[in-house]
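Let's have the full structure, built from the sequences with the hints guiding it.
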Amino acid sequence: MSKHTSPEEKLARKRAVWLERTQQILGVDKAAAQELLNVERRQSLRLNPLIADPAETLKQLAVIGWRGTAYRWATNCYTVDEGAVAVRDSAIVASGAAFIQNAASWIPVLALHPQPDQRILDVCAAPGGKSSHIAAITNNRASLWVNDNSRARLVKTQTNFKRLGVTPTDTTLFDATMLARKLDGELFDKILLDAPCSGEGLMRLSRDKDFAAWSVAHIKRLQQLQKRIITQAWEVLKPGGTLVYSTCTMAPEEDEAVIDYLLRAREDAEVIPFKLGVPNSVLPLRSWNGRPFNEAIQGCLRLAPSEDIEAFFVCKLRKSTDIRE
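For the sequence shown, this note's numbering gives the first residue as 1, with consecutive numbering after it.
Worth double-checking, as some hints may not be accurate.
[What the hints assert, rightly or not] Mimicking DSBU-like on lysine-lysine, the simulated pairs with C-alpha atoms at most 30 angstroms apart in a straight line are:
{"id": "1", "residue 1": "K238", "residue 2": "K182"}
{"id": "2", "residue 1": "K10", "residue 2": "K220"}
{"id": "3", "residue 1": "K59", "residue 2": "K162"}
{"id": "4", "residue 1": "K14", "residue 2": "K220"}
{"id": "5", "residue 1": "K209", "residue 2": "K156"}
{"id": "6", "residue 1": "K182", "residue 2": "K156"}
{"id": "7", "residue 1": "K14", "residue 2": "K30"}
{"id": "8", "residue 1": "K275", "residue 2": "K319"}
{"id": "9", "residue 1": "K319", "residue 2": "K238"}
{"id": "10", "residue 1": "K275", "residue 2": "K238"}
{"id": "11", "residue 1": "K227", "residue 2": "K14"}
{"id": "12", "residue 1": "K275", "residue 2": "K227"}
{"id": "13", "residue 1": "K182", "residue 2": "K220"}
Just so you know, these hints were derived from the structure itself, not from any lab.
Given below as structure tokens:
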């Protein structure tokens with residue numbers, strides 16, 4: 001691109017590239033891709049049994065004007081069809097009895113299937129929404145280790161935890177690319193890696209500001225970071241343990257390609273297919289830019305943008321207990 005290209009031309013070029021990539025990823029025409037990339041999501045919320053009885057919280061929400069329906073695949077989770085502002089500004093949310101959260105954020109936690117007494121690590125935890133969901137499902141009875149590499153974000157996470165009634169076992173400020181060395185022999189039954197990503201699931205084709213940081217070059221830089229982090233996370237996973245990798249992006253470089261990298265690098269890694277009945281599920285890619293992916297990647301979950309759930313990618317992996325020479 002010429003150094004004399006105007007900001008408007010650069011923006012138009014970025015839009016065109018993202019649109020073309022989306023057509024390829026989802027297998028749709030230009031008009032369909034434009035519609036998907038401009039879809040407006042409605043809010044959703046999760047009721048928090050650590051603070052209040054969900055049935056009672058539902059009654060209180062109805063009084064302030066909330067109307068919504070339950071998600072069939074996620075317990076205590078609801079759409080917000082009416083009363084979004086009232087819910088956001090309510091004492092119910094302020095108390096932690098309800099938590100406004102995009103529905104896609106529940107999927108990695110449900111795939112992880114956390115249980116009481118398990119040692120669970122959330123590698124990139126801030127601002128704590130997924131960790132708080134783990135705590136709610138296990139009634140604070142899991143040994144929950146929460147990590148992030150940003151002090152400011154970790155402080156925000158701790159504030160959220162106090163409001164949501166979450167009691168983590170440990171909280172650390174470690175660089176995830178040096179996780180194994182920093183943890184010094186600690187091992188976990190289950191690990192959640194909601195990786196830093198390009199965030200395409202949060203973008204809109206019509207919003208100029210969303211393209212400020214987005215580029216294919218940035219995606220490729222993030223891919224290298226994701227590969228380093230997932231490799232480190234794998235080192236601290238117990239044999240027989242489960243790691244769930246997720247991103248809020250559609251970029252294959254950050255999704256299927258990262259899982260393919262791990263499968264090639266580690267013989268003890270296997271994909272565990274899972275199904276939740278999420279309506280906007282689409283098939284993972286078998287290849288990208290002419291490079292085929294491991295066939296096992298078809299067991300991952302890829303979501304297209306939708307009104308209820310943002311674009312997302314989730315893969316559940318198991319560390320084999322086989323000892324190989």
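- Which hint numbers doesn't this structure obey? none
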